[in-house]
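If you read the sequences in order, they're chains C and Y.
Under this note's numbering, the very last position in the first sequence is 340; numbers go up by exactly one each time.
Under this note's numbering, the very last position in the second sequence is 140; numbers go up by exactly one each time.
It is worth saying that the hints were derived from the structure and are not from the lab.
Please note: incorrect hints may appear among the correct ones.
[As the list claims (entries may be wrong)] Straight line, CA to CA, 30 Å or less: simulated BS3-like cross-link-like pairs of lysine-lysine:
(1) Y:LYS109 with C:LYS113
(2) C:LYS47 with C:LYS130
(3) Y:LYS59 with Y:LYS133
(4) Y:LYS133 with C:LYS47
(5) C:LYS48 with C:LYS145
(6) C:LYS130 with C:LYS145
(7) C:LYS48 with C:LYS68
(8) C:LYS113 with Y:LYS59
(9) C:LYS68 with C:LYS47
(10) C:LYS48 with Y:LYS133
(11) C:LYS130 with Y:LYS133
(12) C:LYS47 with Y:LYS59
(13) C:LYS130 with Y:LYS59
(14) C:LYS113 with C:LYS145
(15) C:LYS130 with C:LYS48
(16) C:LYS145 with C:LYS47
(17) C:LYS208 with C:LYS319
(18) Y:LYS109 with C:LYS130
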Amino acid sequence: MNKISEEQTIAPTAPKPGADGKASPLNAVLIAEDDPIFRRILDSWFKKWDYRVTAVENGLAAWEVLQKEDAPQLAILDWMMPGMDGIELCRRIRSHDQGVYRYVLLLTAKDDKQDVIAGLEAGADDYLTKPFDVDELRARVRAGKRILDLQAALIRAQGALQFEAAHDRLTAIWNRGAILDLLIGETERNRRNNGSLGVIMADVDFFKQVNDTHGHLVGDAVLREVGRRLASALRSYDSVGRYGGEEFLIIVPGCDALNLVVTAERLRRRIADQPIDTSAGPVPVTVSLGIVAAQANESRLIDPEALLRDADAALYAAKAGGRNRVETAPAALATGLHGD
Amino acid sequence: MRFSDIEQTLAGLARTPVTPAKLAGEAASWNRAEALDRIGGDEELLQELCHIFLEESPKLLQRLQQAVAAGDTDGVMRAAHSLKGEAGYLGADGTSHAARQLEEMGHNKDLSRASDTLAALEREIASLHLDLKDLAGAQR
Numbered sequence: 001m002n003k004i005s006e007e008q009t010i011a012p013t014a015p016k017p018g019a020d021g022k023a024s025p026l027n028a029v030l031i032a033e034d035d036p037i038f039r040r041i042l043d044s045w046f047k048k049w050d051y052r053v054t055a056v057e058n059g060l061a062a063w064e065v066l067q068k069e070d071a072p073q074l075a076i077l078d079w080m081m082p083g084m085d086g087i088e089l090c091r092r093i094r095s096h097d098q099g100v101y102r103y104v105l106l107l108t109a110k111d112d113k114q115d116v117i118a119g120l121e122a123g124a125d126d127y128l129t130k131p132f133d134v135d136e137l138r139a140r141v142r143a144g145k146r147i148l149d150l151q152a153a154l155i156r157a158q159g160a161l162q163f164e165a166a167h168d169r170l171t172a173i174w175n176r177g178a179i180l181d182l183l184i185g186e187t188e189r190n191r192r193n194n195g196s197l198g199v200i201m202a203d204v205d206f207f208k209q210v211n212d213t214h215g216h217l218v219g220d221a222v223l224r225e226v227g228r229r230l231a232s233a234l235r236s237y238d239s240v241g242r243y244g245g246e247e248f249l250i251i252v253p254g255c256d257a258l259n260l261v262v263t264a265e266r267l268r269r270r271i272a273d274q275p276i277d278t279s280a281g282p283v284p285v286t287v288s289l290g291i292v293a294a295q296a297n298e299s300r301l302i303d304p305e306a307l308l309r310d311a312d313a314a315l316y317a318a319k320a321g322g323r324n325r326v327e328t329a330p331a332a333l334a335t336g337l338h339g340d
Numbered sequence: 001m002r003f004s005d006i007e008q009t010l011a012g013l014a015r016t017p018v019t020p021a022k023l024a025g026e027a028a029s030w031n032r033a034e035a036l037d038r039i040g041g042d043e044e045l046l047q048e049l050c051h052i053f054l055e056e057s058p059k060l061l062q063r064l065q066q067a068v069a070a071g072d073t074d075g076v077m078r079a080a081h082s083l084k085g086e087a088g089y090l091g092a093d094g095t096s097h098a099a100r101q102l103e104e105m106g107h108n109k110d111l112s113r114a115s116d117t118l119a120a121l122e123r124e125i126a127s128l129h130l131d132l133k134d135l136a137g138a139q140r
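Chain C extracted, bound-state conformation:
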């Protein structure tokens, strides 16, 4: 099952992969060096290579910089610094690495072979001996950049996969698994809070006719637009997912019975008011909606299956009552309604 964070309630309309874009930490470098000559050399070169440079004089200051959000992913650390030396800093970086890997280049003196070994063991990715020249540093920084770029690509791919795993391919709203997870999450929350929860089941009326008359491509366009309109008519903390073929499930947390009717009516109108533009011209579409407003102390407030069953029964009633309408499930636990 997909774990979905609660912030992510409404479905984005397009995949939003990796979280980079603006000022990328990929083109930033942290230089921790107490010696003014080497600090100046490094600062001058990295600026020439279009890096955003943060230069500090000791390990503690470097550690503070690394705690910030969007901290540089490339760190050049001098071995010998007052306060916290490069090796200790390296260990700290590694023991706190979460999610984003930092590429650490350690600076040592020519004759400190033991230092080099200890440095690599402490988690440095590479080292550079003083006095280093500009070409050598450039080459080693490039090697580091390759690793960081690879990492960025992996994070992007991971983000895209996570999106795909939780979203419906056609409509880009939550898929069935994800919307059910969200429903379960809401009932779990109500187990603690005893609040209220609205559930809406919406089904496109006469969808088979759209497919039969205009073909599946037009049918797909209709489903995409219905999904988009439903999502656009909801609050940011409501959720909509594709429950089945032409069936949509909407979760409206913290909603009393009256407000839920208003919400469902708004959804109905958002679909019915304007025909949907397709390659076959405008296609008038309506939806039928079955709603359940579970209030505090109702047993179904914490029972996702009961909520789905009741919403489905109300939807059936809306269909039977003539379609393009909203029907509310009775407040009591409805058991006998669920016929065919």
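Assemble chain Y onto chain C, guided by the hints.
Coordinates of chain Y only, in the frame set by chain C:
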């Protein structure tokens, strides 16, 4: 006139402009070409680094002198380490070598011969300062 004298004169003429300071500098305390090569031929940066060294090295030397006087081996090691690195970058081998010896003494916690080496280091740095002032400033 001996042949070797002529040779020397010709060699001197081949390098222009020839100033006493330049000849003395190249013979002595640092290797400007090597340092410049390391930073990719960036003259401006080299000037800047020389000035930083002229400013910083007296402080480091003072720290080193105090640490030797106080028998502070860790202090000797650290100050000498910094001097070694900076001088090494500028191709100032004499200074770098003496500083390295002191760093090792500090590391081995044996300062019995540190005074002599410190004196040698002071001479090297003094000569380096003179050359840096001449060359860093003169060759723009």
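Q. Going straight from one Cα to the other, do LYS130 of chain C and LYS145 of chain C come out at no more than 30 Å?
A. Roughly 21 Å between the alpha carbons, so the hint for LYS130 of chain C and LYS145 of chain C holds.
Q: For the pair supplied as a hint, LYS130 of chain C and LYS59 of chain Y, confirm whether the alpha-carbon distance does not exceed 30 Å.
A: holds (21 Å)
Q: Compare the distance between the alpha carbons of LYS59 of chain Y and LYS133 of chain Y with 30 Å, and conclude whether the hinted pair is satisfied.
A: Holds: LYS59 of chain Y and LYS133 of chain Y sit about 17 Å apart, inside 30 Å.
(Q) Against the 30 Å threshold, does the CA-CA distance of LYS47 of chain C and LYS59 of chain Y hold or violate the hint? (A) holds (28 Å)
Q. Holds or violated: LYS109 of chain Y with LYS113 of chain C, Cα cutoff 30 Å?
A. holds (19 Å)
Q.
Please verify whether LYS113 of chain C and LYS59 of chain Y have alpha carbons no more than 30 Å apart.
A. With a Cα-Cα distance of about 28 Å, the restraint between LYS113 of chain C and LYS59 of chain Y holds, given a limit of 30 Å.
Q.
Between the alpha carbons of LYS133 of chain Y and LYS47 of chain C, is the straight-line distance 30 Å or under?
A. Holds, at about 27 Å.
Q: Given the hint that LYS47 of chain C pairs with LYS130 of chain C, test it: the Cα-Cα distance must not exceed 30 Å.
A: The hint holds at about 20 Å.
Q: For the pair we were handed, LYS130 of chain C and LYS48 of chain C, check the Cα-Cα distance against 30 Å.
A: Cα-Cα ~20 Å, so holds.
Q) Going straight from one Cα to the other, do LYS145 of chain C and LYS47 of chain C come out at no more than 30 Å? A) This hinted pair holds, its Cα atoms lying about 15 Å apart.
Q: Measure nothing beyond the straight line between the CA atoms of LYS113 of chain C and LYS145 of chain C; if it is 30 Å or shorter, mark the hint as holding.
A: holds (25 Å)
Q: With a cut-off of 30 Å on the C-alpha distance, tell me whether LYS208 of chain C and LYS319 of chain C pass.
A: holds (14 Å)
Violation of the numbered hints given earlier is absent; every hint is satisfied by the structure.
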